[in-house]
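Participant: For reference, the chains in residue letters:
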Amino acid sequence: MSLEIIEANGLATVQDSGRRNWRKFGVPTSGPMDAFAFHAANILAGNSPHAAAIEIGLGDIALRALRDCIISVAGVGYGLSIYIWDFPLWSSYYVRAGWMIRLNKLDSGMWAYIAISGGVQTQPALDSRSTYLRGHFGGFGGRQLQAGDILKSGKPSHSLTELAARILPQEARPVYSDNPVVDVIMGPQDKYFTDESIAIFMSHEYFVSTTSDRMGYRLEGMALTHRNKTELISEGMTMGAIQIPSNGQPIVMMADSPTTGGYPKIGTVASADLPLLAQCVPGRSKIRFRETTVAKAQKKYHELMSGLERIVEE
Amino acid sequence: MKPRIVPLGDSSVIVQFGDEIDFTINQRVHALGSVIEATSINGIVETVPAYATLLVHYDPLILSFTQIKNHLQEKIAQVDEMTSRKFRLIEVPVRYGGEYGIDLEVVAAYLQISAEDVIRIHSDKIYTIYMMGFTPGFPYMGKLDDALVMPRLETPRTRVPAGTVAIAGSQTGIYSIDSPGGWRLIGWTPLRLFNPESDSPFLFAPSDEVKFIPENVS
Chain A
101 MSLEIIEANG LATVQDSGRR NWRKFGVPTS GPMDAFAFHA ANILAGNSPH AAAIEIGLGD
161 IALRALRDCI ISVAGVGYGL SIYIWDFPLW SSYYVRAGWM IRLNKLDSGM WAYIAISGGV
221 QTQPALDSRS TYLRGHFGGF GGRQLQAGDI LKSGKPSHSL TELAARILPQ EARPVYSDNP
281 VVDVIMGPQD KYFTDESIAI FMSHEYFVST TSDRMGYRLE GMALTHRNKT ELISEGMTMG
341 AIQIPSNGQP IVMMADSPTT GGYPKIGTVA SADLPLLAQC VPGRSKIRFR ETTVAKAQKK
401 YHELMSGLER IVEE
Chain B
282 MKPRIVPLGD SSVIVQFGDE IDFTINQRVH ALGSVIEATS INGIVETVPA YATLLVHYDP
342 LILSFTQIKN HLQEKIAQVD EMTSRKFRLI EVPVRYGGEY GIDLEVVAAY LQISAEDVIR
402 IHSDKIYTIY MMGFTPGFPY MGKLDDALVM PRLETPRTRV PAGTVAIAGS QTGIYSIDSP
462 GGWRLIGWTP LRLFNPESDS PFLFAPSDEV KFIPENVS
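Line by line, the protein sequences are chains A and B.
In short: position in the first sequence from 1, add 100, done, that's the numbering used here.
In short: position in the second sequence from 1, add 281, done, that's the numbering used here.
None of these hints come from the bench; they were simulated from the model.
Do not rely on the hints blindly, as some may be mistaken.
Anything over 12 Å on all C-beta distances counts as not near chain B; from chain A, calculated [as the list claims (entries may be wrong)]:
hint, residue
1, R202
2, D278
3, A299
4, N347
5, A397
6, M405
Once the Cα atoms are required to be at most 30 Å apart in a straight line, the calculated DSSO-like pairs of lysine-lysine come out as [stated by the list, open to error]:
hint, chain 1, residue 1, chain 2, residue 2
7, A, K291, B, K406
8, A, K329, B, K283
9, B, K492, A, K329
10, A, K400, B, K350
11, B, K283, A, K396
12, B, K367, A, K291
13, A, K205, A, K291
14, B, K350, A, K329
Each residue gets a CB set at the ideal place from its N, CA and C atoms; glycine is no exception.
Isolated chain B (complex conformation) (with noise of 0.2 Å):
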């Protein structure tokens, strides 16, 4: 598919590469996105990656629409062309179960599994970053396993605590700041996701992989 530049409002495009959760869509959007950050265009302000689609954000003072659009298609054709990236592997060790993983007797008995199989299921792929977003530092990691596939709760829970590590539908992530949220609870990392104060705030980057490590649970 042929990428579609569509206007956000009078100061952001959406540039679509396509509309489903896949691999190598995502690929072309983090690829786009690092082309148009490696040269900088006059008017650029930044650009935020998300499954299918990435959205760059624009001075309008500076450039037109037509202008902008010029300068994308330009991009898009030197992603066309570039060949494959090396990607930056983040182990995080992961106490599955207990107090914080709370759901996780639930997500085995909904999926008639034993919960040692979705640990090892869970821990057994690696995942990619497709996107970050939610609150400041939320991976949405994919993609999970079809034997995990489970909808999120029908009424979100007000507080869940950050490092929590959990799932909805086909994809995987961790709450990076104490936060409200739906997904089912699985397991808890120690590692700081979000941290303002230092130099490099992030423990993950957009289109970063991400391994599991399990933590044996007395």
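With the rest of the complex left out, here is chain A (with noise of 0.2 Å):
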């Protein structure tokens, strides 16, 4: 017995790394929308980067403490307080057993992981601490935590007082933006479009829509032509997947994607910017692609996981 949940308003699910080596049999990945924050939490937490972790979206959280642990706190659009003190994100706190941990939504970014050390403990479905809430399986019997919910914690990797007051400076993190521009490897069905779609998607806005959830997110803005086969037969599809439908607006695959689509997908968004994305704010954020190469996108997604390494003690 370590947490329990006091009160959660928002969408909050336990979420690991993602479910692998299931895709085939389609079983979406899950996990965290924002792997950079998640990962983050963890590590400050003293955990592996893959332990489960509360992802919490959309809404306030209340948690108390049943044993004396650490808490790390890391994502965007969060305020932090632990029993009577306001605290900032991306760093890990030593919280005594019966202290209150509360997270406030704020206006801008969506999405927080509350790591704990040891991890956060459930019965692994298909391998994974994942929740899929779509399938009911995974994570808290499968459904978002309520009220009530008792979560275990495995063992500290250290000792308490070593893994307190650790933060991740603000250098090491993604530059978390309300109107971000995103980098896309374009392909494998661009060509799918006119030259003038393609010209429109690189240089309009869309903006990001209210319908969007874990499963994508939907983009509204000028529309994009299909030059004249509207759907492919299915292949595999993964997050940061840009889709377009018959109706020409994009949908960006996210962490519950579909392992597989039958409509053409313009692009790809590139790894490093996907935590980017995660954060916009569906009904307000607004969105700019920008092309980029393989290559290039692996470069930044590797500067960036680097970033993780950078933890300091306070």
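Two chains, each in its own frame: build the complex with the hints.
Facilitator: And the structure:
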């Protein structure tokens, strides 16, 4: 017994780094929307970057520590208070048994990750603790967390005093923004679109629609025109893939993306920029796309992930 | 056709063997998938077979696009030398029509044959699972006899019960969990296609063969 959920007004789920090896059976990976913030929270708490943590989005959450532990919080769009103090995110804190941890939703940003020393322990489903809400499995009984739920945690990797008061400096974090520019690797079906449509895609702003969810972010803007075919025979897809259905409005596949799809994919968001997109606020954020290459995108991702090694003691 | 290897973002590639629903092309997809699985290459995460393409997810912190491409070209050469494999055949009992196969009569009327003909033609053939997707455990099977080809619903139903057997175009499938669906519903099987609590959660695997066995309807 480590954490009790006192209140959960937002979408709170248990997520580990994702469900691998079952995609060929049609099982989405699930896992965190912002993988960088998720990894950071775990590393700050002294955990494996793949350990399970709590993802909170859309609203507030309040938890009570049932025993002494290290809590770390990373992400965008939340104010954090522990016991009677307000604290910044991207840090780890020594929390005494009985203390309350509150995350209050702010205007910007979408998702934050609450990691506990030793990681959240739930019964794995298909080798993973990630919650897949539509499939009703994984995480905490296949559902979102609610008041009264009690989570267990594993054994901390170090003494709590060693893990407390550590921070990931600002320079090591992605440069989050309400209206980010995100890098895109074009293809494989960019040739399905007219030259004018490719030019529009690269130069116009797209709104993030309020119908967005963990499965996909729906965008609204200048419609893109297919040359002739609006569908292809189904093939595999991945988080970040940008599908263009017949109405010409892009859908970016996110953590709960189906494993396959039949709409043409104009391109895929670079891994390093997926956290920027994930933290966009539906109904408010506008994004722009910028073309990049696989090699450049991989280099950028390398640099971003190496930032996780820059955790310092406060 | 020589397979093409194209990037899908910075952490997966698609190997394109063709662009149509074809048994021989699909067999090459599955063959490459098993060759990759049989040899563990550091940095390859997993593969997802589809009708004519194999998606390969990889870790860009371990492999560059050029490196994964070279690995895959080597494996594709091995597939070309492979002889035919043996397939698992799974028999699936089906109650055609009735409460779950609510479109059976509509399908028969559209195709201008009797409901009995639909059942006979549908259950006569051995189908191949070309791919799985849509929902966990949903098998895309083919190829349906030309006499049963009918377009899907214009407006999908919001809820189709798990176990419902359906057809769409030249494909047939079985809904694996309760989900929305736009295929024509012709029957129902009591078999459970997906059980996340089980040690073997899926009844089917891609490239399995399936034979439908009609159950007596009272």
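Participant: Report holds if the minimum CB distance from R202(A) to chain B is greater than 12 Å, and violated otherwise.
Facilitator: Check passes; 33 Å lies beyond 12 Å.
Participant: Taking 12 Å as the cut and beta carbons as the points, is D278(A) off the interface with chain B?
Facilitator: holds (24 Å)
Participant: Do the alpha carbons of K367(B) and K291(A) lie within 30 Å of each other, as the hint requires?
Facilitator: violated (38 Å)
Participant: Take the C-alpha atoms of K350(B) and K329(A), compute the straight-line distance between them, and say whether it is at most 30 Å.
Facilitator: Judged against 30 Å, a Cα distance of about 28 Å means the pair holds.
Participant: Going by Cβ atoms, does M405(A) stay more than 12 Å from chain B at every point?
Facilitator: Given a closest Cβ separation of 6 Å, the condition is violated.
Participant: Holds or violated: are the alpha carbons of K205(A) and K291(A) at most 30 Å from each other?
Facilitator: Since the Cα atoms of K205(A) and K291(A) sit roughly 41 Å apart, the hinted pair is violated (cutoff 30 Å).
Participant: Measuring Cβ to Cβ, find out whether N347(A) lies farther than 12 Å from everything in chain B.
Facilitator: holds (15 Å)
Participant: Against the 30 Å threshold, does the CA-CA distance of K283(B) and K396(A) hold or violate the hint?
Facilitator: holds (28 Å)
Participant: If you draw a straight line from the CA of K492(B) to the CA of K329(A), is it 30 Å or shorter?
Facilitator: With Cα atoms ~33 Å apart, K492(B) and K329(A) exceed 30 Å; violated.
Participant: Compute the least Cβ-Cβ separation between A299(A) and chain B, then decide whether it is above 12 Å.
Facilitator: Check passes; 21 Å lies beyond 12 Å.
Participant: Just to be careful, I want the Cα atoms of K291(A) and K406(B) compared with a cutoff of 30 Å; is the pair within it?
Facilitator: violated (38 Å)
Participant: Below or equal to 30 Å on CA atoms is what counts here, so check K329(A) against K283(B).
Facilitator: holds (23 Å)
In terms of the numbered hints stated before, the structure departs from hints 5, 6, 7, 9, 12, 13, listed from lowest to highest.
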